[in-house]
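Q: One-letter residues, chain by chain:
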Amino acid sequence: MRNFIHLHAATAFSAHFGVSWPEEMAQAAAADGADALAITDRDGLYGAVKHVKACMAAGIDPIIGVDVAVREEVGDVIEVTGRVVVLAHGGASARPGAGYGALCRLISTAHSAPKGPVGLTLTQLAQGVLDPESGRPVLSVLLGPYSPVGKAMESRKYLLPRSKFKQWKEAMPAGSLVAEITSHLNAPGDPLSTTHAVRMVKLAQEFDVPAVLSNAVRYVNQEDGPIADVLDAAKSIASLAALNTLQPTGQAWLKSAAQMGEIARDIVSQGGYGSAGLARLWANTAQLADKCRLDPSTDLGWKQPHTPESEVLGLTQTAGRELQQRTESALVQRFAGLSGGKLEKVKDRLAVELGTISELGFETYFLTVAEVSDMIAGMGVRRAARGSGASSLVNYLLGISAVDPIANNLLFERFLSNDRSTLPDIDLDVESAQRHNVYKRIFERFGSKRVTLMSMQNSYRARGAVRDAGLALGLDKADIDQIAKQLWRIPAGSLREALAQKPELCDLAAQVHQSLQAPSQTELEGIQGAAQAPALNLLVDVTERLDSLPRHISMHPCGVILGDSTLLGRTPVQPSGMGLPMSQFDKHDMDAMGMLKLDVLGVRMQSAMAHAVQEIIRLHPSREEVAVQGGHDRAAPFLGEGGAIDLDAIPLDDEPTFELIRSTHTLGCFQIESPGQRELVGKMAPTEFSDLVIDISLFRPGPMKSNMVKPFLESRSGFAQPHYAHPDLIPVLAETHGVTVFHEQVLRTLAIMTGCTLSRADEFRRGLGKAMVEPVVEKYFRDKAAHKGYSPAVIEEVWATLSAFGSFGFCKAHGAAFAVPTYQSAWLKAHHPAEFMAGLWEHDPGMYPRRLLVAEARRMGIPILPLDINASAGEYHAERTDSGEIGVRLSLAGVYGLSATELKRIVAGQPYGSLAELRDKAKLSRPTLKRLAQLGALDPLHNQAKDRTGSTANRADLVAHVNSLPAHKSNKANDPIHGQFALPMDDVELGALAVGLPESSLAEIVSTELDLLSMDVSGHLMDSYAPLLDRLGVSRADQLLGLRNNTEVLVAGVRVATQTPPMRGGKRVVFISVDDGTGCVDTTFFTQAQQKSGPLLFGTRMLLIRGLTRRTGPRGITVQALEAWDLQDTARLPTPPGLVGAPANR
Amino acid sequence: MGTFTDAVTMECSPEGEPLRLWWRGLLHEVIAPPMNWYQRRPWWTDQRSLRPGEGVGYVDVQIWRLQVLREDEAESLTMDVVLYRPSLRWRVMKVHARVPLAAKEAQELVSPECANAEVLPVEVAGTEEWFGA
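Respectively, the protein sequence lines represent chains P and B.
Count along the first sequence from 1, add 86, and you get the number used in our numbering.
Count along the second sequence from 1, add 1479, and you get the number used in our numbering.
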């Protein structure tokens, strides 16, 4: 038997079901001699585009279908009663594209039910298989072992399968129904047995429906059967031992034609059909496969871009004409200062860009993005273009990007060209808090038939994999949690390797090794309570094999697909977390499916800055007041009359801003707050905006790995002469002192030395670092450069740089776009620190926990105003204190367990005169009320009452009282009538509290705050460790700068950040930052220190670290760690030098 | 009881179909076309590793129901033997009581349409007793 085509095969993109990747499947099928292969993922086309690519690569025809749930009303409940396979017909048997389009719409329908499980009713299926144009079926529905018919065979009702089959036969349009014959060789009479397969053949025969053979594939190889079990367990969130829905046998692999032939022979002989029956079954399968072969180009519109129609933009002329008019008139305005040759050059550049756009047919895409951008601005939402889109003059002239590509020397070819094989996308950053509103407006404007969100696949990484593997194997949950916590940024697929190498995993590695020596459960049979010892080793293997399998899809953080009205016939959509429809395709599918997208990314920093600006206005509602507070010129053009600050108009040469950046006190500032960046800005000491662009571009894996940072810093500081491989490259590399930092410089270098166009150069750049392409680029470069007369030494040196640069490095347009919010956030921190802090706390944009920013506020002397039932709101607000300073008032929203409705009621009822009034109006749950009391939010009410009565009750007494109150009962009769005011009565209740509990200590209060607010407000978490630190002789963060380089010190604090950035030479370096209350200490652990510290590296919260000071710049100092301890494990701490009671370090 | 752990030596056809086996020193000749199916096993309780490439035979074992004639005996008997992969070791799992019960059962297996298919396969009473003899 040759050329068997599998028509029912799930891939890994059937989350928690399929095991194998489309590439493996297609290669295996082709290797067995099949010339086509179907993909039928569960309830979607999640893997379809990858499948088509894989089939094209393997030289076989793709078939696309879905394994979709069937919904039925059982009583008055909607249930899934089975699953059927639906296959799209190809252009050979129907109108090209009709089958695939119908499949997309049918799947979208399956996801559109307002409630109940995903799936299709029989009626929806019967309608959905028809092509709306021709009225003929363009889909085939396969009734197999999992279908309601197949399921009915499991019941004891002998006639049920027959009546179900009849029902389907009658409901489905003629020619659309097929019987799917599958045997997983289960025990006779059980589901997926050959006996059931025979019964399905008989039903097909009786109802005159063609029968085809399949193997309902879940994995490519036999050895992957156990992984399918683990996925079943993960899906059901149960251990394998507890599951009774596991696959009945492990036979669901992509069997060879020979193996399928054997199954077919068994079925036919058990059914008594003889060789004619066998030939018939085989031929039917081949025939259906032929009907469903898809041509990527004609059936799927492979790589054919679709952009919004010009009608939808309301144009009165062609899109090309419109684009030209708009950009030309903007050019005259924007470049009013230019004339003569310079202006001509800009005009030429515009002509080139418009030519390319028109040739690619993307005019409406640009006009659509421009309209979206204007729309966002019209909503009053902060926005900023980012990414390579900033390289385009057209984007600048349309107002999409604020970066002038001419002044910044940015290259259009980096963004778009005829040579480019991928579609462009434009990125817009908006306030994160407004992102969903922006999406909704885009959908409203262009219609959900032209717009959909992009999705993304979330895949197994080490922690999730180890958790699910442990759950499946039935390991103790606490043990698994303990293991999962230790896995830090390790790909699940190399867990065993990590166990052998990473010092922090050595304990775990020993346990795994031990587990191998232990007897297995079978060997222990009969011994009560024997542990499942070998499971730990098995756990490691299972974890590795789960690596990167998709777990679920979710809305992509920014991708919005913009198309024309055919969009929903090209991608199935399903509701996203926020309700708007999202495509089942991810970013890797976009180019192939000709989908153009606009990336609208929510950036918390934009929200934080917007909040800060609002707070500034709220406290200083006039130009004068803001100017005085922020130290601005009264006439500054960025100040509005009402006190508004236009951040996009602030001058880029503000000295206090650069001073702040150079001080390295950049916590909270966009892009430059990480320990590594603080070190870099300390060394680099930026003095102008372009320094920030370079700084951001340098702090990337590429430049770090290829050692660009050191020569750059040395040349910049004048310690070394900049070096250029050839004088021709001076104009290209002068801005970065001879070091190649930007993509744009790579393009120009290639163009100068080979004479190629910039757009070709960009294609070459994309080839760098790709093993298949780079040798071709290298040959071209060497040949052409030699031909142009460059010496072998020059060619050698330049190629070494280009090759090391790889595909890393940074697009200067990105760097320039990023540097804008970096500068703006530093400017706010320098001029309006309290309002800026309120913005940071409100939107939490950075890498650090909020509590570190509390410490930062304390360092800057910004008062932190405690929770107050009357003064606190649902947001963090800047507030003027009695002494005239500006502080930040904590938000009620941060209180643990306080519900959104409770918050709403509290704020609506403010201010409160008494505890009783608070109870009546806000109707808080007792735990919430207790937490508010614990956090001191009720102290103002309490203090008022105490002042009147002279009571001496403390906060602990108040908490005890609140805790003793009866739970709140909802009783409408007692509610105040609308408009009724509370009588101005003294708070008798709080004035007469029982006294007697001891006052809470500061340490207790801080601990409560950490529990309930995740912030230490009243004091620093480390304060209570002060005696211990003094005894140990620990140096504080604010003392380090005064120490000499290379001084041995002990530092301590609470961990605030851990990073393992890629480093030169591939060796891992671990950066750990600890906060000790006086500031942040950044420590660096190299290999030896990592080994000495072992498991402490990633798991421990409070650390004591011994190390050597390393001066990084005029204002920067870090500690190179030698060893670390757990500060809470007092027994193991090093003995303090000298006698106990030796003079403390401070 | 009812499950044995006796290893047997099996001789198969080139297609992998059992022909004869030696169990406890006695030759058993397969005298009718055998049936086979697969049955799950709890691999997570006894496997120590699942390295890349491992996993064959973890989820299921192959069961062969053989009608055999033991040397020097006149009456056939039905036995279930298990094939473990990837080691390809064979073990006897169950020996059924002598026909006519087993024959009837075999008949039901091939034509489930005419019988109550749901009750198959049945545990046969008396197996233990026979084995004890």
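In short, the hints are calculated from the structure, not lab data.
Be a bit skeptical, because a hint or two may be false.
[To be verified] Derived SDA-like pairs (lysine to any residue); straight-line CA-CA distance at most 20 Å:
| # | chain 1 | residue 1 | chain 2 | residue 2 |
| --- | --- | --- | --- | --- |
| 1 | P | Lys-237 | P | Ala-144 |
| 2 | P | Lys-341 | B | Pro-1521 |
| 3 | P | Lys-990 | B | Arg-1564 |
| 4 | P | Lys-1153 | P | Arg-420 |
| 5 | P | Lys-1007 | P | Leu-984 |
| 6 | P | Lys-341 | B | Gln-1541 |
| 7 | P | Lys-341 | B | Val-1540 |
| 8 | P | Lys-341 | B | Lys-1573 |
| 9 | P | Lys-341 | P | Pro-203 |
| 10 | P | Lys-1009 | B | Lys-1573 |
| 11 | P | Lys-321 | P | Pro-203 |
| 12 | B | Lys-1573 | B | Pro-1521 |
| 13 | P | Lys-377 | P | Ala-365 |
| 14 | P | Lys-321 | B | Val-1540 |
| 15 | P | Lys-1153 | B | Gln-1541 |
| 16 | P | Lys-856 | P | Ile-816 |
[Said to hold, decoys possible] To list a few chain P residues with every Cβ distance to chain B over 10 Å, as calculated:
| # | residue |
| --- | --- |
| 17 | Ala-621 |
| 18 | Lys-1009 |
| 19 | Glu-1209 |
[Stated by the list, open to error] Have a look at the derived ranges for each label pair, beta carbon to beta carbon:
| # | chain 1 | residue 1 | chain 2 | residue 2 | range |
| --- | --- | --- | --- | --- | --- |
| 20 | P | Gly-855 | B | Glu-1533 | 29 to 37 Å |
| 21 | B | Ala-1486 | P | Ala-1217 | 54 to 62 Å |
| 22 | B | Pro-1513 | P | Arg-366 | 25 to 33 Å |
| 23 | B | Ala-1486 | P | Ala-362 | 41 to 49 Å |
Each residue gets a CB set at the ideal place from its N, CA and C atoms; glycine is no exception.
Q: Does each hint hold? Answer for all of them.
A: Outcome of the hint check:
no. : hint                                 : verdict
1   : P/Lys-237 to P/Ala-144               : violated, 36 Å
2   : P/Lys-341 to B/Pro-1521              : violated, 23 Å
3   : P/Lys-990 to B/Arg-1564              : violated, 65 Å
4   : P/Lys-1153 to P/Arg-420              : violated, 49 Å
5   : P/Lys-1007 to P/Leu-984              : holds, 16 Å
6   : P/Lys-341 to B/Gln-1541              : holds, 16 Å
7   : P/Lys-341 to B/Val-1540              : holds, 17 Å
8   : P/Lys-341 to B/Lys-1573              : violated, 30 Å
9   : P/Lys-341 to P/Pro-203               : violated, 32 Å
10  : P/Lys-1009 to B/Lys-1573             : violated, 70 Å
11  : P/Lys-321 to P/Pro-203               : holds, 15 Å
12  : B/Lys-1573 to B/Pro-1521             : holds, 19 Å
13  : P/Lys-377 to P/Ala-365               : holds, 18 Å
14  : P/Lys-321 to B/Val-1540              : violated, 25 Å
15  : P/Lys-1153 to B/Gln-1541             : violated, 49 Å
16  : P/Lys-856 to P/Ile-816               : violated, 28 Å
17  : Ala-621                              : violated, 7 Å
18  : Lys-1009                             : holds, 51 Å
19  : Glu-1209                             : holds, 36 Å
20  : P/Gly-855 to B/Glu-1533: 29 to 37 Å  : holds, 34 Å
21  : B/Ala-1486 to P/Ala-1217: 54 to 62 Å : holds, 56 Å
22  : B/Pro-1513 to P/Arg-366: 25 to 33 Å  : holds, 27 Å
23  : B/Ala-1486 to P/Ala-362: 41 to 49 Å  : holds, 43 Å
In terms of the numbered hints stated before, the structure departs from hints 1, 2, 3, 4, 8, 9, 10, 14, 15, 16, 17, listed from lowest to highest.
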